[in-house]
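Protein chains in written order, with my numbering: chain A, 1 to 248; chain B, 1001 to 1438.
Hints may be right or wrong, so weigh each one.
[As the list claims (entries may be wrong)] List of simulated lysine-lysine pairs, DSS-like, C-alpha gap at most 30 angstroms:
| id | chain 1 | residue 1 | chain 2 | residue 2 |
| --- | --- | --- | --- | --- |
| 1 | A | K139 | A | K155 |
| 2 | A | K136 | B | K1117 |
| 3 | A | K157 | A | K139 |
| 4 | B | K1283 | B | K1253 |
| 5 | B | K1004 | B | K1117 |
| 6 | B | K1217 | A | K157 |
| 7 | B | K1004 | A | K139 |
| 8 | B | K1283 | A | K136 |
| 9 | A | K155 | B | K1283 |
| 10 | A | K27 | A | K194 |
| 11 | B | K1340 | B | K1004 |
| 12 | A | K194 | A | K157 |
| 13 | B | K1190 | B | K1117 |
| 14 | B | K1117 | B | K1172 |
| 15 | A | K157 | B | K1117 |
| 16 | B | K1092 | A | K134 |
| 17 | B | K1263 | B | K1217 |
| 18 | A | K136 | A | K155 |
| 19 | A | K157 | B | K1018 |
| 20 | A | K194 | B | K1340 |
| 21 | B | K1220 | B | K1263 |
| 22 | A | K155 | B | K1263 |
| 23 | A | K139 | B | K1340 |
| 24 | A | K155 | B | K1018 |
| 25 | B | K1283 | B | K1092 |
| 26 | B | K1217 | B | K1098 |
| 27 | B | K1092 | A | K90 |
| 28 | A | K134 | B | K1283 |
| 29 | A | K134 | B | K1263 |
| 30 | A | K240 | A | K194 |
| 31 | A | K27 | B | K1340 |
| 32 | B | K1172 | B | K1215 |
These are calculated hints, taken from the structure and not from any lab test.
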Amino acid sequence: MEQAYEIAGAAASTTKKEIIIDIRDLKKTYRVGSVNVHALSGINFSLNRGEICCVVGRSGSGKSTLLNLMAGLEGPTSGEIVIARQHVEKMNQSELILFRQQHVGFIFQSFNLMPYYTALENVAFPLVFRGMSKRKRMKLAREMLCSVGLETHLKHKPTQMSGGQQQRVGIARALVTNPEIVFADEPTGNLDSKTSDEVMNLICDIARTQNKTLVMVTHDPNMAAFTDKAVHLLDGQVVKIDENTREI
Amino acid sequence: MSIKDMLSIAAMNLRRRKLRTFLTVLGMAIGTASIVVMVSLGIGMQEVTKEIFEGYGSLTLINVYNYSYQDPSQTSNSMVWSSGSEVTLDAKKVDEFKRIPGVQAVMPLVQVYGYLKSGQYVSGIQIMGVDAASAEQFGFVLDQGRLPNTSTGSNYELTLGNYVLYNFYNPKTYRQAVDNEGNPRVSLDKSRFQLTFDHRNIYEYEDYGGESTPKGKMYKVNVVGALSQEGGMNAYYTLMDINALNRLYRENKDNMYGLETGKYQEVWVKCESTDDVVAVQEKINSMGYAAYSVQEGLQTQQEMQRQTQMLLGAIGGVALLVAAIGIMNTMMMSIYERTKEIGIIKVLGCRMGNIAGLFLTESAFIGLIGGAVGLGVSYALSYVLNTQIMETAGIRSIIPLYLSLGAVVFSMGVALISGMYPAFRAMRLSALTAIRAE
Chain A
1 MEQAYEIAGA AASTTKKEII IDIRDLKKTY RVGSVNVHAL SGINFSLNRG EICCVVGRSG
61 SGKSTLLNLM AGLEGPTSGE IVIARQHVEK MNQSELILFR QQHVGFIFQS FNLMPYYTAL
121 ENVAFPLVFR GMSKRKRMKL AREMLCSVGL ETHLKHKPTQ MSGGQQQRVG IARALVTNPE
181 IVFADEPTGN LDSKTSDEVM NLICDIARTQ NKTLVMVTHD PNMAAFTDKA VHLLDGQVVK
241 IDENTREI
Chain B
1001 MSIKDMLSIA AMNLRRRKLR TFLTVLGMAI GTASIVVMVS LGIGMQEVTK EIFEGYGSLT
1061 LINVYNYSYQ DPSQTSNSMV WSSGSEVTLD AKKVDEFKRI PGVQAVMPLV QVYGYLKSGQ
1121 YVSGIQIMGV DAASAEQFGF VLDQGRLPNT STGSNYELTL GNYVLYNFYN PKTYRQAVDN
1181 EGNPRVSLDK SRFQLTFDHR NIYEYEDYGG ESTPKGKMYK VNVVGALSQE GGMNAYYTLM
1241 DINALNRLYR ENKDNMYGLE TGKYQEVWVK CESTDDVVAV QEKINSMGYA AYSVQEGLQT
1301 QQEMQRQTQM LLGAIGGVAL LVAAIGIMNT MMMSIYERTK EIGIIKVLGC RMGNIAGLFL
1361 TESAFIGLIG GAVGLGVSYA LSYVLNTQIM ETAGIRSIIP LYLSLGAVVF SMGVALISGM
1421 YPAFRAMRLS ALTAIRAE
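Chain A on its own, in the form it takes in the complex:
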């Protein structure tokens, strides 16, 4: 059974080996007072389209910095980040926002839902910035919420939902714009272990069925069991890249 999965996975990765994320000698140095802190000191790795990858590391290993750099939330000190054939490190603020609109979905650790919006409105929110009509975006949002199993909670406000439900809304919101790449920053960090597993299954299932590239940052090495690939970070350096880590 396991073997069959692996063969299928290998076959899939050989047929479309399009590199979608390419990180080359990425460095990020923060200046704290008069001391230079090297958050990332020369990272190299690449991801193919449709791959699901987790970046694992302890607190302070630089994993969040790596995600922020890839999403263009901050600029690198040196090195190249090529995502969907575009050099993220060379973009200005407006270009980055446009880039995120077109290519990236984001899942947060603390969900970051708009507290005064219902689940449906929260999911439809990113489409507002794309100028989509209300009817169209509500329809898309409803479909998305159904696919994360929240069809009964469309009109609920975030405060009326459990952490797991809120994160599902977060997932739906990240995917509603149909991005090629989804970044997730500790998506299960605020959830108990049972809910964590459910949410992880959900994220990975959706990413696989919709052929999304998923990059997930976590401190929990067990999460690698859900993903195809695990990049282990320690003190700003890649110590190990595991391929075919999927167990579940």
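With chain A's structure known, arrange chain B on it following the hints.
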């Protein structure tokens, strides 16, 4: 991002913070109301002044007199200006005045004092000889009857001034010719009238023994109408056709002063609009005549009042300035409060311009609502002021349409300007630090 979405999101953000929005709008409303009420008082002041001046005569009228006027600023010798010399006003000049651009009508006239007798009663009248053909255009308002026709023969037509009927008295007893209820005993349709220019026909003086001249004639006249007091200054005069008056002059040279055949004492020039008056007046002055207009006086007066208006506006403006700072403060607070939210919407793909737009829209909403509420308050205040407090004080508060529209647009503009810096700050917020903020 569509404008509709932007408006609805901005409106929702304001609704989320009801109390703070209310307070900011309140500040804006007070600011707008104070500036509108102050300006309305200024406008009311101007309007009252205008009405007072309109009472002096028509605002489009220029009076040209038959003596010259030298502008003191145009002569080096300061002694020269006071020497007014007589210049001629005749039919030729009237034609010249007619050709000045902006002039609608020109009417020459002469004035003479006479006595009107009706039975035992008599009244002194100030007769204005007018060009009957053009008199109608010069704002004589009739109480009854009509204006005199252009003279054709020896029948003389008079239109009495407003007070003439009340002024009749008995020259022997000096009793006024009014009945117990104060109504005049002389009336247009029942009485007959005679006109003379020789006071000896009225009063029986002792003869001083000087050389005696024949007494002036008594003329039968037809009184064809009376003027209404609505005509302002015009209502004091009794009107007669200028040609008829000239004919009377030829027969009464000894008793009529200041007249000369073919020359006029005064010419009235009516302009097409009040805007033309000053230019036409300057033109006539430059031709060497003394020309006066109520409009000039009004403009001088209004010029002076404009300073008072500015002061009133500035006082109102202080309140609006405070309100504008209030908006800025509210929007800044709002940004600090919503830092995280701004970060999230940036990550979700909200463009920089849209973020600034959202905050500007919120400011504009505050300005719009504040302006509209303030305008409502202004109308209420204005009503109370006009009906309860200043009814008798000679001051009024007037809010014309342009003021109300301008006030709302202005308060929105002020709000937008106040919102600019906060909006810029929101736009420049780094998405990463914003997300990390708590």
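Hints and how they fare:
no.: 1; hint: A:K139 <-> A:K155; in the structure: holds, 14 angstroms
no.: 2; hint: A:K136 <-> B:K1117; in the structure: violated, 95 angstroms
no.: 3; hint: A:K157 <-> A:K139; in the structure: holds, 18 angstroms
no.: 4; hint: B:K1283 <-> B:K1253; in the structure: violated, 35 angstroms
no.: 5; hint: B:K1004 <-> B:K1117; in the structure: violated, 82 angstroms
no.: 6; hint: B:K1217 <-> A:K157; in the structure: violated, 106 angstroms
no.: 7; hint: B:K1004 <-> A:K139; in the structure: holds, 18 angstroms
no.: 8; hint: B:K1283 <-> A:K136; in the structure: violated, 72 angstroms
no.: 9; hint: A:K155 <-> B:K1283; in the structure: violated, 79 angstroms
no.: 10; hint: A:K27 <-> A:K194; in the structure: violated, 36 angstroms
no.: 11; hint: B:K1340 <-> B:K1004; in the structure: holds, 24 angstroms
no.: 12; hint: A:K194 <-> A:K157; in the structure: holds, 23 angstroms
no.: 13; hint: B:K1190 <-> B:K1117; in the structure: holds, 14 angstroms
no.: 14; hint: B:K1117 <-> B:K1172; in the structure: holds, 13 angstroms
no.: 15; hint: A:K157 <-> B:K1117; in the structure: violated, 98 angstroms
no.: 16; hint: B:K1092 <-> A:K134; in the structure: violated, 79 angstroms
no.: 17; hint: B:K1263 <-> B:K1217; in the structure: holds, 24 angstroms
no.: 18; hint: A:K136 <-> A:K155; in the structure: holds, 17 angstroms
no.: 19; hint: A:K157 <-> B:K1018; in the structure: holds, 19 angstroms
no.: 20; hint: A:K194 <-> B:K1340; in the structure: holds, 29 angstroms
no.: 21; hint: B:K1220 <-> B:K1263; in the structure: holds, 26 angstroms
no.: 22; hint: A:K155 <-> B:K1263; in the structure: violated, 95 angstroms
no.: 23; hint: A:K139 <-> B:K1340; in the structure: holds, 28 angstroms
no.: 24; hint: A:K155 <-> B:K1018; in the structure: holds, 23 angstroms
no.: 25; hint: B:K1283 <-> B:K1092; in the structure: holds, 16 angstroms
no.: 26; hint: B:K1217 <-> B:K1098; in the structure: violated, 37 angstroms
no.: 27; hint: B:K1092 <-> A:K90; in the structure: violated, 86 angstroms
no.: 28; hint: A:K134 <-> B:K1283; in the structure: violated, 68 angstroms
no.: 29; hint: A:K134 <-> B:K1263; in the structure: violated, 84 angstroms
no.: 30; hint: A:K240 <-> A:K194; in the structure: holds, 28 angstroms
no.: 31; hint: A:K27 <-> B:K1340; in the structure: holds, 27 angstroms
no.: 32; hint: B:K1172 <-> B:K1215; in the structure: holds, 19 angstroms
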